[in-house]
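Visitor: Could you slot chain B onto chain A? The hints should help.
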Amino acid sequence: MNILLNIFIIIPVLLGILLYFLPTKYNITKIVLFLITVSLNCFFSIYFYGKEILFNTHVLFRLDLYFRYYDLSSFMILVLAIIAFLTAIYSVAFMKKDKNTYTFYAFMLLALSFTNGILLTDNFIVLLIFWEALMIPMFAMIAVGKNQAFLTAIKTLIISSVADLCLMFGVMLICVVGGSFVISQVNIDISQPGALFAFIMIFLGATAKAGAMPFHSWIPDASVKAPIPFMVFIVTAVEKILSIYLLIRIVKDFFVIDIGSDISIYAMSFGVVTLLVANMLAIYQKDFKKMLSYASIGQAGYMIVAISSITVFGMFAALFHMIAHIVYKSCLFFVAGNIEQAEGSTEISSIKNNLRQTMPYTFISFILAGSAFAGVPFFFAFFSKEMIYESAISVSWIFYICLAVGSLLSAVAIMNWAVKLFFSKPKDKIIQEKEVSTFMFIPTIITALACLMFGIFHKVPYNLITGIIGQETGEHSSIVAVILIVVSVLVLVLALVNNLYTCKKSQSGLGFVLVALNYFKVDKLNENKSFDPYEIFIKLIRKFSNIMFVIDKAVNYFYDVIVPVSVNFVSASVKKAHNGNLSIYLLWVVLGIIFIFIIF
Amino acid sequence: MSYDILLLLIVLVPVLLSTLLPVIAKFSVALRNSFALLLMLIPMFFLCSILPEVLSGNIVKFVFQFPLGINFILQADIFATFTAIASVLVSTIILIYSFEYIKHYENQNEYYFIVVLFLGSMMGIIFSANLIFIYIFWEMTALASWRLIGFFREKEYIRRANKAFLLTAIGALFMLTGFLIIAEASGSFDLDIIANAGITGGLVDLAIVFILIGIFTKSATFPLHSWLADAGIAPSPVTALLHAAVLVKIGVYVYGRLFSFVIIPSDSLRTVILIVIAVSAFVSGGIAFVEKDIKRVIAFSTISQIAFIFLGFVSGGKVAFAGAMLFILIHGIAKAGLFLCAGIIEHKVHTKDLNKMGGLLKYMPFTAIAFACCALSVMGIPPFAGFFSKFLVIIGSVMDGNVFTGFAFIICAGFTVLYLVRLFTKIFLGEEKGEFVSLSKEKLLSPMVLSVIFLAVLSLGFGLFFGDIFAIANLAANQMISI
Numbered sequence: 000m001n002i003l004l005n006i007f008i009i010i011p012v013l014l015g016i017l018l019y020f021l022p023t024k025y026n027i028t029k030i031v032l033f034l035i036t037v038s039l040n041c042f043f044s045i046y047f048y049g050k051e052i053l054f055n056t057h058v059l060f061r062l063d064l065y066f067r068y069y070d071l072s073s074f075m076i077l078v079l080a081i082i083a084f085l086t087a088i089y090s091v092a093f094m095k096k097d098k099n100t101y102t103f104y105a106f107m108l109l110a111l112s113f114t115n116g117i118l119l120t121d122n123f124i125v126l127l128i129f130w131e132a133l134m135i136p137m138f139a140m141i142a143v144g145k146n147q148a149f150l151t152a153i154k155t156l157i158i159s160s161v162a163d164l165c166l167m168f169g170v171m172l173i174c175v176v177g178g179s180f181v182i183s184q185v186n187i188d189i190s191q192p193g194a195l196f197a198f199i200m201i202f203l204g205a206t207a208k209a210g211a212m213p214f215h216s217w218i219p220d221a222s223v224k225a226p227i228p229f230m231v232f233i234v235t236a237v238e239k240i241l242s243i244y245l246l247i248r249i250v251k252d253f254f255v256i257d258i259g260s261d262i263s264i265y266a267m268s269f270g271v272v273t274l275l276v277a278n279m280l281a282i283y284q285k286d287f288k289k290m291l292s293y294a295s296i297g298q299a300g301y302m303i304v305a306i307s308s309i310t311v312f313g314m315f316a317a318l319f320h321m322i323a324h325i326v327y328k329s330c331l332f333f334v335a336g337n338i339e340q341a342e343g344s345t346e347i348s349s350i351k352n353n354l355r356q357t358m359p360y361t362f363i364s365f366i367l368a369g370s371a372f373a374g375v376p377f378f379f380a381f382f383s384k385e386m387i388y389e390s391a392i393s394v395s396w397i398f399y400i401c402l403a404v405g406s407l408l409s410a411v412a413i414m415n416w417a418v419k420l421f422f423s424k425p426k427d428k429i430i431q432e433k434e435v436s437t438f439m440f441i442p443t444i445i446t447a448l449a450c451l452m453f454g455i456f457h458k459v460p461y462n463l464i465t466g467i468i469g470q471e472t473g474e475h476s477s478i479v480a481v482i483l484i485v486v487s488v489l490v491l492v493l494a495l496v497n498n499l500y501t502c503k504k505s506q507s508g509l510g511f512v513l514v515a516l517n518y519f520k521v522d523k524l525n526e527n528k529s530f531d532p533y534e535i536f537i538k539l540i541r542k543f544s545n546i547m548f549v550i551d552k553a554v555n556y557f558y559d560v561i562v563p564v565s566v567n568f569v570s571a572s573v574k575k576a577h578n579g580n581l582s583i584y585l586l587w588v589v590l591g592i593i594f595i596f597i598i599f
Numbered sequence: 000m001s002y003d004i005l006l007l008l009i010v011l012v013p014v015l016l017s018t019l020l021p022v023i024a025k026f027s028v029a030l031r032n033s034f035a036l037l038l039m040l041i042p043m044f045f046l047c048s049i050l051p052e053v054l055s056g057n058i059v060k061f062v063f064q065f066p067l068g069i070n071f072i073l074q075a076d077i078f079a080t081f082t083a084i085a086s087v088l089v090s091t092i093i094l095i096y097s098f099e100y101i102k103h104y105e106n107q108n109e110y111y112f113i114v115v116l117f118l119g120s121m122m123g124i125i126f127s128a129n130l131i132f133i134y135i136f137w138e139m140t141a142l143a144s145w146r147l148i149g150f151f152r153e154k155e156y157i158r159r160a161n162k163a164f165l166l167t168a169i170g171a172l173f174m175l176t177g178f179l180i181i182a183e184a185s186g187s188f189d190l191d192i193i194a195n196a197g198i199t200g201g202l203v204d205l206a207i208v209f210i211l212i213g214i215f216t217k218s219a220t221f222p223l224h225s226w227l228a229d230a231g232i233a234p235s236p237v238t239a240l241l242h243a244a245v246l247v248k249i250g251v252y253v254y255g256r257l258f259s260f261v262i263i264p265s266d267s268l269r270t271v272i273l274i275v276i277a278v279s280a281f282v283s284g285g286i287a288f289v290e291k292d293i294k295r296v297i298a299f300s301t302i303s304q305i306a307f308i309f310l311g312f313v314s315g316g317k318v319a320f321a322g323a324m325l326f327i328l329i330h331g332i333a334k335a336g337l338f339l340c341a342g343i344i345e346h347k348v349h350t351k352d353l354n355k356m357g358g359l360l361k362y363m364p365f366t367a368i369a370f371a372c373c374a375l376s377v378m379g380i381p382p383f384a385g386f387f388s389k390f391l392v393i394i395g396s397v398m399d400g401n402v403f404t405g406f407a408f409i410i411c412a413g414f415t416v417l418y419l420v421r422l423f424t425k426i427f428l429g430e431e432k433g434e435f436v437s438l439s440k441e442k443l444l445s446p447m448v449l450s451v452i453f454l455a456v457l458s459l460g461f462g463l464f465f466g467d468i469f470a471i472a473n474l475a476a477n478q479m480i481s482i
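Note that the protein sequences, when read in sequence, are chains A and B. Under numbering that gives the first Met the number 0, the letters of the first sequence match residues 0 to 599, in that order. Under numbering that gives the first Met the number 0, the letters of the second sequence match residues 0 to 482, in that order.
Rather than coming from a laboratory, the hints here were simulated on the basis of the structure. Ideal placement from N, C-alpha and C gives every residue a C-beta, glycine not left out. Accuracy of the hints is not assured; some may be wrong.
Said to hold, decoys possible - Partial list, computed: chain A residues near chain B (C-beta under 8 Å): (1) I10; (2) A132; (3) F149; (4) M171; (5) S179; (6) V181; (7) D220; (8) V223; (9) I535; (10) L539; (11) I540; (12) R541; (13) N545.
To be verified - Straight-line alpha carbon distances no greater than 30 Å define the calculated DSSO-like cross-link-like pairs of lysine-lysine that follow: (14) A:K29 with B:K361; (15) B:K442 with A:K29; (16) A:K538 with A:K523.
As the list claims (entries may be wrong) - Residues from chain B that keep clear of chain A, each with C-beta distances beyond 12 Å, as calculated: (17) I23; (18) I49; (19) E345; (20) L360; (21) P382; (22) S396; (23) V416; (24) F427; (25) E441; (26) Q478.
Bound-form chain A, shown alone (with noise of 0.2 Å):
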C-alpha cells in the first residue's frame, strides 16, 4: 500500500523540491501546483479517513520499514491536512507582495511530508528521522520572516535540537529497554530498569514540541518575525498534534503506568507550571500575535495535564482540546494576519482604528473564536476544557484550581485585547473599511464558524474522538459536572465584571489580575530578558567553553613553551657539563661508575 506513502511523504517532498528550483518565471505556476498539493493531500486524509492499513517499503533510506494507517494516525492526518488547506489559501493572499513567499511554499510542504511521515511511521528510528528533520523546513520558514528573523530561527533550531536530542536518547533507551524498534511492539512497565529515564526523556521531547516551558521562548519571538502562515500552520497545528500524537502514545502504548502514580502527579505538574506561568506573561503581552503565542504555551499546558492524569478521560479530553485549541487558535492569528495587513502591526501602539467599524468581518470572528478560547459555553472550547478540569480534579484539586487560574487569565487576556482592537476609540478619524481580500477572508471564517458550530454540535468531534481513544465513561458523576460549569461560568463573569469595571476607570482592562500579578513580580518577570531559559542556557555554555578555552590555552603553553624551555634548560647544562675540561669527563666517569654500582 506504498500509495499512502507516496500521497502523504514522497509527493509533497518532492514538490517542495521542485518549487525551491523552479525559476521565477513560474511563479503562477508554483501557486498551483502548492495548492494543488495541499488540496490532494486534504482529499486522500478524507478519501482514506479510518481505514486501518499496515505496509513495508523499502524506499525510503533502503531500510526494509513499515508503516501503519490507523484509527489516531489518520485523525490526526486529516485534521492537520485540513488546516494545511486553510493555510495554504490564506498564505498565498497573505504572502504575495513578499519575495521569499514562494520559499515558504516550498518548506510548507517539507514540513507537511514530514509531519505526515511521523504520523504514519511504526518505526521508531524513522519517527526520529522525520521528527528531527521537521527543524530543517522549520528553520526556513522562519528565515523567510522580517528584520533578523534569522536570529529567531538560528533560537528556534538550537532550542528545538536540545529538545530532539532528548527525544533521540530516550526513543534510543526504549529501542533497548522494549527490545524493539518496531513501535507497536514496545510496551514496557515504567518500573523497568531503564524505563523511567527513556519516559522522562521522551515526555520532554514530546513536551518541548507543543512549546512547554523550558523549551517556549522561540515561539513568542517566531510570532513576531515569522510569516502568519508559520504561526498557524507550525505552532498551531503541526507542533500540537506532534505533540499530543506522542504523548497519547506514551502513555497508552508505550510505558505501563500507574494512575496517579508519583509521575504522573510530576508530569501534571510540569503542565501546571507550563500554563501559568505562560498564561500569566500572556497578559503582559503589547502585541497581539505574541500574546497569542504565549495563550498558545499555556493551552499546551492544559493538553499535557489531561494526558498526564493516564486516564482515558484525560486522553479524551486533551484530544478534544487539541482539534478546538487548533481551531480557535488558528482563527485567531488569521484575524492577526488580517489586523497586520490592514494596519501595518499588531502591536498595540499601531492600530490607529476602530477595527469594528473598518473589519467588520475580522471582529465577527474575533469574536466567535474569543469566546472559543475563552471557554464561553455553547463554544468549541467549553466541553474540552470541561473535561480536562474533570481528569484534573480526580487526582487532585490542587491541580484544578490552578486550571481555573490559567483559565481567569486567558479569559482576562482576551477580553482586554477586545477592548484594545475592536472597543476604543480611533486614533485616526477618517474611517474607511479596510477588510481584507477573499483568500483570506474564507479561511478566517471557516475557522470562525467551526468555533461555533462545533461547539454547539461538540458530538461530531466527540463521535470522531471516541472512534479513536474508545467511550469516556466520565470520572465524576453529574452533579460535580455541573459543579464545575457553574464554577467556569462564575470565573468568565468575574473575567467579564473586571474588564468593563476597570476598562470605564482607564484604558486597561486588565484591573485586579494586573495588579494581583504585579504584587508578585510577575512584571519584572516579564521585563527580565535574562528570564528566558534560552539565554540563560547559551550564557552558561558561553562560561563552560571560555573555562575550556583556557584548558585548551594551559595545554598549549605546556607543549609550546613549558616543554621547549625544560629541553633547552637540559640541553644547555649537559652542554656546560661537557666543556673540554678532561678532569670534568673523569668525574663523570666516576660518577657514572658509582650510579652503576648503586643501581646494581
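Guide: Chain B alone, transformed into the frame defined by chain A:
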C-alpha cells in the same frame, strides 16, 4: 590479476610512483596533476575490484616473509576495504579541489608528491596485518603530515609543523613500545597470531595504554590534541586531508582494528578510555563554541567528533562498531566539505577571523548551501548521513551498557549543533561587512565549488541510501566479531 597482487598494488602504486611526480612536473604541470589524480584513481579502481570478493566474506591476503617475524602481510577484510575506499574517495575529491586552490603557490611538486605518498601510507596502515609494518607506515604518515603542515615556509608555520611531527612521532614511539610488549606476550607481530593468542592481563593493559598514547596523539584526543588546531595554518586541502579524511582517522581505525575484538582491554581500562574520550569531546566542543578562527573551530569539531568514533569502537558491541565504521566515512566526507568550504571562503575574503565575516550568503550561495549540508550532516540532523552514524554509535553504546556515556555524548551532540550553527551564522548570515561590497558572486563551474557541492550531495545521498552502506557495515562488524 589475482586479488593479492591487486592488494599489493593498492599500497605500492601510490607509495612508489608518487616519487615520479616531481620528475613529470619538469615536462608539464598539467601532466603532473593528471598523473597525481591517476595515482588516486588506480587504488580506487583496484579497491572496487577486490570489493565483491571481500563482501562475499573472503579475506584477501598478501604475505611476504621477512626475518625476525617482521612479515609484510597485507590483509583486506570488509572493515579495511571500506575504510580504504572512504579515504581514497575523500582524498581524490580533495586532490581535484587542490588543482585550483594550490596553483598560485610555490612548492607544488612537493605538495602533490607528499599527498599521494600520504595516501599510499594510509593504505599501508589500513591493510597491514603486522604491527611493525603498521608502525612503519604510521611514521611515514607523520613525515608526510610534517611536510604538508609546513607547506608555507614562514617561521611560525614551520614551528607548528615541527610540533605536529614531534608530538605524533613521540606518541608513535610509545606505541612501538606497546607493540613490543604485545609481541612479547603473544609471540608474534602478526595480528592473526595475536588474535588467536587471546592475551590478557596487567602487562597487556600496560601495552594498550602505550599504544593508546600513540593513537590519541594521531587522532588528536585531549590532552594530546594541541597539534591539530595549530595545523590549521596549512592550506585548506591539507587540513581537509589531515583533519578530516585521513590522518586523524588512522588512530581510530587502528583502535578499531586492534582493540575492538582482537586484544580486549580490561573493563576498568575501558572505563578510563570512555572517560578520556568523553572529556575530549566536551572540552573540544566547548572550545569550538568560542574560537574565532574558522579553521580552528572546524578542527576542534573534528576532535569532538573523533570521540564519537572512539565511543563506537570502545563500546565493544556490533551495532556500535558498525556505527563507528560508518562514522569514519560520513564524517570524513562532511568534514572535508567544511574544510574545503573554509578554503573557498578564505580565498574569497582573505581572512580566517570569524568576526570579520558576515553576510557572505549573498556572494557565495553555492558554498553556503554546501557548507550547510555538510554542517547538518556533522550535527546529525536527518536525513543527512551524519544522523545515522551518530545514532548508531550512541545507541550501540547504550546497548553495551554504557547508558551514562551515551547520555554524555548526547549532550556533546548538542554542543555540535551549537558551534556549527554559530559558525554558519557568523560566516553567511548577519550584516554584510563593508569590505565585501566589491566581491563578485561565485561561479558554480569551478573545481573548488564543484568539489564541495559533490561532498554535500554525498552527505545527503549516503543518508537517503543509508540502508545499503549499513548492510556493508553490518557485514564488517559480523566479520570482526567472528575473528
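Visitor: Let me make sure I understand: some of the numbered hints might not hold for this structure. Which ones are they, in numerical order?
Guide: Violated hints (numbers, rising): 1, 5, 6, 7, 8, 9, 10, 20, 21, 22, 23 and 24; every other hint is consistent with the structure.
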